[in-house]
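Protein chains in written order, with the working numbering: chain A, 1 to 189; chain B, 1 to 425.
Derived by calculation from the structure, the hints in this document are not laboratory data. The beta carbon of each residue, even a glycine, is placed where N, CA and C say it ideally should be. Worth double-checking, as some hints may not be accurate.
As the list claims (entries may be wrong) - Dumping the calculated EDC-like pairs for lysine to aspartate or glutamate here, alpha-carbon to alpha-carbon at most 16 angstroms:
{"#": "1", "chain 1": "A", "residue 1": "Lys171", "chain 2": "B", "residue 2": "Asp55"}
{"#": "2", "chain 1": "B", "residue 1": "Lys49", "chain 2": "B", "residue 2": "Asp97"}
{"#": "3", "chain 1": "A", "residue 1": "Lys171", "chain 2": "B", "residue 2": "Asp52"}
{"#": "4", "chain 1": "B", "residue 1": "Lys85", "chain 2": "B", "residue 2": "Asp97"}
{"#": "5", "chain 1": "B", "residue 1": "Lys98", "chain 2": "B", "residue 2": "Asp61"}
{"#": "6", "chain 1": "B", "residue 1": "Lys49", "chain 2": "B", "residue 2": "Glu82"}
{"#": "7", "chain 1": "B", "residue 1": "Lys49", "chain 2": "A", "residue 2": "Asp41"}
Unchecked claim - Pair by pair, the computed Cβ-Cβ distance ranges are:
{"#": "8", "chain 1": "B", "residue 1": "Ala115", "chain 2": "A", "residue 2": "Thr147", "range": "51 to 61 angstroms"}
{"#": "9", "chain 1": "B", "residue 1": "Ser262", "chain 2": "A", "residue 2": "Asn174", "range": "35 to 45 angstroms"}
{"#": "10", "chain 1": "B", "residue 1": "Gly346", "chain 2": "A", "residue 2": "Ala60", "range": "51 to 61 angstroms"}
{"#": "11", "chain 1": "A", "residue 1": "Arg151", "chain 2": "B", "residue 2": "Asp251", "range": "53 to 63 angstroms"}
{"#": "12", "chain 1": "B", "residue 1": "Ser262", "chain 2": "A", "residue 2": "Glu44", "range": "41 to 51 angstroms"}
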Amino acid sequence: MSDFHPSGSAGGGVPAGRTWKYGDNVDTDVIIPARYLNQIDPAELGRHCLEDLDPGFAAAVKPGDIIVAGRNFGCGSSREHAPLAIRAAGVGAVVAASFARIFFRNAINIGLPIVESPEAAAAIQAGRRVSVDLERGVIRDLDDARTWSVRPLPPFVLQIVRAGGLIALIKERNSGRGPKSQTEGVSKE
Amino acid sequence: MAPKQPSGRTLTEKILGRACGRVVRAGELVEVSVDLVLANDITGPVAFKEFDRLDGAVVADPDRVVLVADHFVPNKDIASAELAKSLREFAAAHGIDKCYEPGRGGVEHALLPEAGLVRPGQVIIGGDSHTCTYGALGAFATGVGSTDVAAAMATGMAWFKVPETVRVTVTGAARPWVGAKDLALAVLARLGVDGANYLSVEYDGEAISALSVEGWLTLCNLGIEMGAKNAIVAPDEKVRDYLAAADLWADLRPDPDASYASSLTIDASAVEPMVALPHLPSNGRAAAAAGDVAIDQVVIGSCTNGRIEDLREAARVLRGRKVHPRVRCIIIPATQKVYLRAAREGLLEAFVEAGAAVSAPTCGPCLGGHMGVLAAGERCVATTNRNFVGRMGHPSSEVYLAGPAVAAASAVAGRVADPREVVGK
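Please construct the entire structure, taking both the sequences and the accompanying hints into account.
Right, here's the structure in full:
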């Protein structure tokens, strides 16, 4: 699967960029406040990403940058606008100690690379250059070469990621190229 | 060695198992047919965009799709009017009859149970995190994002990892003025905002049995604030009466030897009327111990506490009293039916005479949408479900979560107050 390219990545391969560090319980209301949910344009959502937590973020973030956060990232509302805003802002990947369930599912479904690593989330400080290799399951601090291995995604989740999101997977199924069921071949694993 | 005797099953294992046609256990991945797919004026339009990427897709079963315009209605601006319009247009294009707009609908999680669309044993997904509310009627119901909604509309199916379950037992008898919201905030204070992440929360105990179905709706509504995939109570006769239906899954109960990830027991008699301080729903404490917190606004309503029993409780405090001159008190019946009942019972009259503003059904202020957005530095006591930074308006504003009695008492006192201070005894 070396041809897998996360859609939010900087260079089309392994997301790499400068880190932005936040704490626990970064909720969807601060990721994208509801006052911007009266429209669905990803670019507009991206311009207000994290506005109520870090007003300077959206203007300063560079393509491929990495968000590093604590526990329960993305808690709160089911708004898919939250991972959409993060992706549209140019973020290459999110590393967190843990993710809230709906945010995790949404990020996978839209193809935003996210990885769970309490160790990396605790160790990596703001402003580091970091890469996130989803396929190999490795987070690397490019400034000092420290690495952390990532809890691997379950096979069925990887299947969605590899297809480029849930809708892309269903398209594969409909065209007879993919597995007939979303969970086919993986439910016993 | 003899094989380990399989343990019994939780409510969620039973429901997902029936949907699969086989016995399933926590940790298994299942793909099941969904009985209802819900979206609103925020999550629907994003789902429609994803749905349209499936060229030529048709909605698998239009009767199982429910669309509710409730978050920014009555439309707050041109942009939100376009969102509501897209709901109407998608419904018309795909033969979806259950599309609710102002005048015939209300706040989705109050509306669907009231409309009889939720039944015990159903599998329900919704593009709204508070979809977990329907566990009060014995359904497996969970919030998802717009892409999952789009996929389920197209395929009729959704995938889940069968969750492990936290069993929460609430024993004893609740004190006067302590309701479902206070009990839920007490549980939340114990579990924390990610204490049930990825898990099912199954409620039981005398204090739970003593609550009404509306109380269960409030209780299960707050499951997501603990991170839960779903929250659920085993249905009883009350649910049968509430739904006015006999054809229910009569013996839907957890097995006595069901396997739980963990258990928590709370004594209801030790729970005071509660308030959750900013900026986490898990910051619950006794309202009487909140200190002298002057407030600017009170909101009574939402999918958490906008039902008729909530309004009756607020009226018990507000009738014959006046909202504090510094406070704006906004009361929002959650549905048209609740509004009409509140009118017939004289509750709306009591609210208006007390100096409260009564609004048409909307989610509006709960998420800082409209109809009660907070200015910089303002404080609000709300019967809603989230008090995150900027939730109801300016990032420097503050939200204190409470049940209807504490909210109404706070409106009268002009500060966070225990109802017993205001009403006496």
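These are the hints, each one checked on the structure:
no.: 1; hint: Lys171(A) - Asp55(B); verdict: 9 angstroms, holds
no.: 2; hint: Lys49(B) - Asp97(B); verdict: 20 angstroms, violated
no.: 3; hint: Lys171(A) - Asp52(B); verdict: 12 angstroms, holds
no.: 4; hint: Lys85(B) - Asp97(B); verdict: 15 angstroms, holds
no.: 5; hint: Lys98(B) - Asp61(B); verdict: 12 angstroms, holds
no.: 6; hint: Lys49(B) - Glu82(B); verdict: 14 angstroms, holds
no.: 7; hint: Lys49(B) - Asp41(A); verdict: 11 angstroms, holds
no.: 8; hint: Ala115(B) - Thr147(A): 51 to 61 angstroms; verdict: 54 angstroms, holds
no.: 9; hint: Ser262(B) - Asn174(A): 35 to 45 angstroms; verdict: 41 angstroms, holds
no.: 10; hint: Gly346(B) - Ala60(A): 51 to 61 angstroms; verdict: 56 angstroms, holds
no.: 11; hint: Arg151(A) - Asp251(B): 53 to 63 angstroms; verdict: 39 angstroms, violated
no.: 12; hint: Ser262(B) - Glu44(A): 41 to 51 angstroms; verdict: 42 angstroms, holds
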